[in-house]
Amino acid sequence: MDIPGSQLPFYRKTIFPNRSLTRRGALVVMAGAIVAVAVMSAVLLHIGAWPILPFVFGSFAAISAMLYGIALHRDDFELLIIDDANFHILRRCGRDHSWHRFQRYWARVYFEPAQRSQPARLYIRSHGRALEIGSHLDEPRRRILARELGNVLGHPARGA
Amino acid sequence: MSAEIDAGALHHRPAGWRRWLYTTNHKDIGTLYLVLSLIMFIVGGAMAMLMRAELLQPGLQLVDPNRYNEMVTLHGLVMVFGAIMPAAVGFANWLVPLMIGAPDMAFPRLNNLSFWLLPFAFVLLLATLLVPGGTPGTGWTLYVPLSVQMGVGMDMTILAIHMMGASSIVGAINIITTIFNLRAPGMTLMKMPLFVWNILLMSFLILGALTILAATVTMVLTDRHFGTHFFDAAGGGDPLLYQHLFWFFGHPEVYIMILPAFGIISHVIPAFARKPLFGYNSMVYATVAIGFLSFVVYAHHMFPSGMLLSSDLFFMYTTMLVAVPTGVKVFNWIATMWAGRMSFETPMLFAVGFILLFTIGGLSGVMLSVAPADFQYHDTYFVVAHLHYVVFAGSALGLMAGAYFWLPKWTGHMYNERLGRWHFWLTAIFFNLTFFPQHFLGLAGMPRRIPDYALQFTDFNMISSVAAFGLGLAQLLFVYVIWDALRAGRRADAKAWEGAQGLEWSLSSPPPYHSFAVPPRIS
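These protein sequence lines map, in sequence, to chains A and B. FYI, the numbering for the first sequence is 1 to 160, going by our numbering. FYI, the numbering for the second sequence is 161 to 683, going by our numbering.
Note that these hints are calculated values from the structure, not bench results. Hints should not be assumed to be uniformly reliable.
[Said to hold, decoys possible] Stretch by stretch, here's where chain B covers chain A in the computed footprint (C-beta under 8 Å, at least three residues):
no., region
1, 16-25
2, 58-72
[To be verified] Pulled a few chain A residues facing chain B out of the computed Cβ check, cut under 7 Å:
no., residue
3, A31
4, I52
5, D76
6, G154
From the three backbone atoms N, C-alpha and C, an ideal C-beta is built for every residue, glycine too.
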């Protein structure tokens, strides 16, 4: 992926959630669900129990929504690239793509540990902008990432 | 993405009551399910004690027939939906993420919702005892036309069933998604622990069966209040349609209850035989076969209802067929024990007890599957004995084996082994004394679901009742063992049992609140 204005990176990390259901696996599950629903619907219609069909379709819709949600986020990732001048963050979440750039010299890493009603968060901040990164990670791995980024940027991460 | 600050997906650990009310952590929710299950087990058990007290002698002593029928209904519903199923889902919540190397369930907030629907459902169900007309005296099957004629308690029961069904379906979708999508890198389906396989199949059965139940009781509701006649013969409906629909749910429900126990036993036996499980692949295929067959055998509950002969034959043969994959499982468990370096700690005692007693239940099931014989056994105490050998000796003993096996992992404390063994032996002895004589009562023609009986049934009923009180008291020992382990049990190692295998044993006991910070890689 080409990033406008990027130079030779000396730090590059891709963060993505673990997804074990493959595209083919999802198709198999979906096909199985369709066959099951079709057979059940035919039998229920045959014996005159048509009011059951909306419930069956409701369950099918719930399974479909689950598979759709998984498919939508199968390719989510965050790509962190630090080169001589900039800290680039490329992100894909569902259908949305975004690209954020911070000046490397001014970028600071903030780690906010979990508090009463807030989960732990990892931010990159600079010039009044803040961007949360690593939301796919759990707290220990976020903390490790914060320290790693702080070392690369030359400014130890606050709170980590 | 335009917003620069995303909601974090991380859990934290609130304190006090908020921790339990708002929790999205799979371990907390698993604990909630298990505690609820234990409470409902005691509530349902108390109802059973009342029934057995009434049956201690012929004649009416303690409760009037209507109240007895209410106890029959509530005992069934509470034990099935309140004790066994929540226990299975509690095990799933605790263990599935740990066994597949996932940080949590796929939908943590849905997980919270699916638990918190349950307490309200059971309050509603038990509150039917207090309303005019009381709890429906229909038994857990809620057969029409009786269920169409009952009072407001029936409407409350239907709503409670809807809530339980919604909870189960949401939970099942969560489990399916978690197992399919959050397995650790390298953990293919055929490398999954057998407990996870059984829970996966259980979840699919829940989706298929509970949906039908929810819809069926809705049809009863519309018959009651909206002028429909789905089940009313006078209005052109068919009461037998209800039976078909109920048992299309009801029979898979039996497998929903037994599959988690199958999974648990498949972990306990290899651990205490100190051998890998014999025939992993065949166990997986047998589980899938049982799941499929469970939907095509249901009408063996309706042999005397006057179905076509061809239907009787079809359901008779398919029911007999279930014995094949079940036999494969029993064979594999025995083959795993064969020539193993076995030791008999409490979980292993429960596992061996499970195999012996569940096999008795399976054999009486084969007897019941023979249509001509079933005409004689139907609605007698033979069926009561059979179902308790399957549901108590199968599901409940399996779950107890699992509770003792993973209690050190969950709590970080070992239980008192001596008390655990006492619990097993008292349970096994009193269980057999309670339910084995009921086979003879059934064969002699004693009908089920009655508070009174003919004099010739007195002796066996007295034995059964006295033993039932012992069985009930023995379960209080189970509660004490858990409490004692939490209070004074010695610290458990990460791998509490020498022969235990699996990802969950690679974590500390108890596991950290957020486990698998780094996803394990399965080779």
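How the hints compare with the structure:
Only when three residues or more bring their CB closer than 8 Å to a CB of chain B does the claim for the region 16-25 of chain A stand; here the count is 5, and the claim holds. Counting residues of the region 58-72 of chain A whose C-beta lies closer than 8 Å to any C-beta of chain B gives 6; at least three are required, and the coverage claim holds. Interface restraint check for A31(A): the shortest CB-CB distance to chain B comes to about 14 Å, outside 7 Å, so the restraint is violated. Evaluation of the I52(A) hint against chain B yields a held restraint, the C-beta minimum of about 4 Å falling below 7 Å.
Hint on D76(A) is violated. Least Cβ distance to chain B is approximately 10 Å, over the 7 Å limit. For G154(A), the interface hint is violated, since its Cβ never comes within 7 Å of a Cβ in chain B; the closest pair sits about 23 Å apart.
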